[in-house]
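Novice: These are the residues of each chain, in order.
Number of protein chains: 2
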Amino acid sequence: MALSFDSNASPALHTDLYQLTMLQAYQRENMDATAVFSLFVRRLKQRNYLLACGLDTVLSYLEGLRFTASDRDYLRSLDDFDDDFVDGLADFRFTGDVYAVPEGTPVFANEPLLEVVAPIGEAQLVETFLLNQITYQTGYASKAARVKQAATIDGTDRTVADFGMRRMHGADATLKAARAGYIAGIDATSNVAAGQTYGLPVTGTMAHSYIEAHEHEQEAFDAFADLYPRTVLLVDTYDTLDGVRRVVKMAKARGDDFQVRGIRLDSGDLGELARKSRAILDEAGLEDVNILASGGLDEHRIAELVQSGAPIDGFGVGTKLGTMEDQPYLDSAYKLAGYDGTPRMKLAPNKKNLPGRKQVYRSFDDNGTATGDVITTADASHGGEPLLQCVMRNGERTEAAPSLAQSRTYAHDALAALPEALHALEKADTYPVDVSQALKDRASETEAALKAAHDLP
Amino acid sequence: MALSFDSNASPALHTDLYQLTMLQAYQRENMDATAVFSLFVRRLKQRNYLLACGLDTVLSYLEGLRFTASDRDYLRSLDDFDDDFVDGLADFRFTGDVYAVPEGTPVFANEPLLEVVAPIGEAQLVETFLLNQITYQTGYASKAARVKQAATIDGTDRTVADFGMRRMHGADATLKAARAGYIAGIDATSNVAAGQTYGLPVTGTMAHSYIEAHEHEQEAFDAFADLYPRTVLLVDTYDTLDGVRRVVKMAKARGDDFQVRGIRLDSGDLGELARKSRAILDEAGLEDVNILASGGLDEHRIAELVQSGAPIDGFGVGTKLGTMEDQPYLDSAYKLAGYDGTPRMKLAPNKKNLPGRKQVYRSFDDNGTATGDVITTADASHGGEPLLQCVMRNGERTEAAPSLAQSRTYAHDALAALPEALHALEKADTYPVDVSQALKDRASETEAALKAAHDLP
Chain A
1 MALSFDSNAS PALHTDLYQL TMLQAYQREN MDATAVFSLF VRRLKQRNYL LACGLDTVLS
61 YLEGLRFTAS DRDYLRSLDD FDDDFVDGLA DFRFTGDVYA VPEGTPVFAN EPLLEVVAPI
121 GEAQLVETFL LNQITYQTGY ASKAARVKQA ATIDGTDRTV ADFGMRRMHG ADATLKAARA
181 GYIAGIDATS NVAAGQTYGL PVTGTMAHSY IEAHEHEQEA FDAFADLYPR TVLLVDTYDT
241 LDGVRRVVKM AKARGDDFQV RGIRLDSGDL GELARKSRAI LDEAGLEDVN ILASGGLDEH
301 RIAELVQSGA PIDGFGVGTK LGTMEDQPYL DSAYKLAGYD GTPRMKLAPN KKNLPGRKQV
361 YRSFDDNGTA TGDVITTADA SHGGEPLLQC VMRNGERTEA APSLAQSRTY AHDALAALPE
421 ALHALEKADT YPVDVSQALK DRASETEAAL KAAHDLP
Chain B
1 MALSFDSNAS PALHTDLYQL TMLQAYQREN MDATAVFSLF VRRLKQRNYL LACGLDTVLS
61 YLEGLRFTAS DRDYLRSLDD FDDDFVDGLA DFRFTGDVYA VPEGTPVFAN EPLLEVVAPI
121 GEAQLVETFL LNQITYQTGY ASKAARVKQA ATIDGTDRTV ADFGMRRMHG ADATLKAARA
181 GYIAGIDATS NVAAGQTYGL PVTGTMAHSY IEAHEHEQEA FDAFADLYPR TVLLVDTYDT
241 LDGVRRVVKM AKARGDDFQV RGIRLDSGDL GELARKSRAI LDEAGLEDVN ILASGGLDEH
301 RIAELVQSGA PIDGFGVGTK LGTMEDQPYL DSAYKLAGYD GTPRMKLAPN KKNLPGRKQV
361 YRSFDDNGTA TGDVITTADA SHGGEPLLQC VMRNGERTEA APSLAQSRTY AHDALAALPE
421 ALHALEKADT YPVDVSQALK DRASETEAAL KAAHDLP
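Heads up: the protein sequence lines correspond to chains A and B, in order. So for the first sequence, the working numbering puts the first residue at 1; every next one is plus one. So for the second sequence, the working numbering puts the first residue at 1; every next one is plus one.
None of these hints come from the bench; they were simulated from the model. Be aware that a few hints might be false.
Said to hold, decoys possible - In silico DSSO-like links for lysine-lysine, alpha-carbon gap of 27 angstroms or less:
| # | chain 1 | residue 1 | chain 2 | residue 2 |
| --- | --- | --- | --- | --- |
| 1 | A | Lys352 | A | Lys45 |
| 2 | A | Lys276 | B | Lys45 |
| 3 | A | Lys451 | B | Lys249 |
| 4 | B | Lys440 | B | Lys45 |
| 5 | B | Lys451 | A | Lys252 |
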């Protein structure tokens, strides 16, 4: 499958050049021992938790990773590669193991979302793709969970729809956002391709241009409702409350045939307009007509509207979620943690990583609320629930992927089990994440050995 | 061509659901007259100019826009569409005209980057794809131009490489960023797929993990330089200046065979480490070994380093450029400006648009420096250089796309023609953009007619 609609490169070329030059070097040096790489996020910044996402995408990539003839032709055209190396890529397969937390698991700083255990060249090559997909999907899911939380902050389950594709970063982002958002609790997407690809619920209303193309707003409303009786009418093209009154007029004219499901407000003071619109609708006996709001929304604005009691039944959320406006990336890293049976780490300032294979145990109190995590060596036995599972062995999945609906339910329950304070939109006290003594000892020993080898103080 | 590596949806489904429900409505209402849509950006926010980018991508999309059998099967599965409508999509083609500024043109708030003139259903359907690609590519190019500007702020042409793919938003973004960045003046990319797709120069060095996989840093340096004599060695894995001294040791051991091109600093105080590294290298007679810097860079940090006199020859720029961290989206819009020969506009607060087809004229002084723009009606004759050109007629390009190298040169010259103040990284005084009296009159008349029709004050 090609990487993008205007590229015939395969996903194998979705990598930084140095991954391939290092792969060639490892082959030349006969370095084919097993490496361990850990993928984690260094800091949460504005977030109280992250919602791990993107695993199924990367497992599909790892299973299908092949260099096509066209990929190899391109690599031959560069100065960096010998023909023997490029010819050998025809047989390249990912043959390693992957341990990972399920999609929809809340995770915290320095906890591995996934570990790859594979011959070093293979484990290195896949870094770029894994980081690209998991960083974005996890970053998006983490913000989407906040948006859904804000929409339900008073206990009422208001719908949230993803309307953000037009300003997301390219085509693939729109698909992955719809997927990650659904796992995080977003109810539907306007993205038709995402509906086709992932079987997600798709939704939409009408655009201002449709209203404007007609001579009069009323004419547009009538024509659209004739074709889509249960539609949502956009009322703010000219004057919002006049628009609402036109909906009332339609209802009176159509009587029992009136089935319009809602109105959408997309500009102005949404709280105030929602209140006035509700009053107009209710006075006409249209209590069943919902009010949807959109336009520049994020979790903070939604929480304000809900907390002010604005009678809004659902939100269409676009750009600020779609581009993760307040935190457009995570400080993700994919670091060598072991090679050929020996733990490895980096000593650069503020960039040390935890060496060796690891596990994360999450503890819960009697009410099922998470009380804290411990990052341990992989072989430690420890109380609590181990989060990392073996999801791929020798390049093959250990089991079929859960459905997105299953991941969504899993995420919902896992989020509900977090301490209440973490669901605040403002930065909460840090959730306790400890590092086990055995892992601390391993880190100290590894650092000491590296310093000794390099004559460092 | 499929939209993404894990979707068999075609680019035709890369759209919001409402574009398709509106298309069906227009067909039912026999509304097939010609519409004009304008794509523009409402506000520049932190930018002093935008660099228009993404046109070639959207022209390719418009030329190739087809609903495949699989796309149609999916649409049939939804409740919204009649079989007749879906069957008819088999013959859907974009048959309209497109007027646009060339890629690499600096543009300002409210100036059309592009206008689509087509039967209204067609012009509406393509909104989502056009906004998605042009918003991202233009946003990225606009920031990339600042980064390159910062790297050359003292008149020395330091190289800038795009290292950002791992934290960009999905796979398509990485390709479009490499493309847009190259037009904006970025010299090379680490993205192999972008090299293959667009013929861009690809570059890379080595990762910390490669160093760490070896027992000793020296061993790693030697092995990599044996295979790639003209490589760049990453020196900060354990202790940066020790790393530099190891490069000196290599040079002494290898004598005339030493061809290492540079070192890379990726952590710590880059300015200070560059100065100390330069001193160590120079003292060993290694004046030709370049110093490259990377790690959390953006235009502000690069300008600081250059202005402090840090002896850095090139920059690898990643996440902050790749995600446009300070401004991850543009306030782009695609608005109906006319239908069936009549100008149209929206009256919602702060969302009015300029009605009808338009042109932008740029004036220059005797030195070739731009002095200001005027947005006019399309048919106005006016002094200065018209920016919008007819690039597609009846669904076919009017001429072959320029090469990326041509667009890069064009952008370079167009940027050089902007007033010097706009190249500051801080917000400069606004560049003058006027609206012609005829266009103002058209807007007033359109607004008055709409208000009269809707009984608005």
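Novice: Give a verdict on every hint.
Specialist: Hints, one by one, checked against the model:
1. Lys352/A / Lys45/A: holds (18 angstroms)
2. Lys276/A / Lys45/B: With Cα atoms ~33 angstroms apart, Lys276/A and Lys45/B exceed 27 angstroms; violated.
3. Lys451/A / Lys249/B: Roughly 19 angstroms separates the two Cα atoms, so the pair holds.
4. Lys440/B / Lys45/B: holds (24 angstroms)
5. Lys451/B / Lys252/A: Roughly 24 angstroms between the alpha carbons, so the hint for Lys451/B and Lys252/A holds.
Hint check: a violation occurs at hint 2 only; the rest are consistent with the structure.
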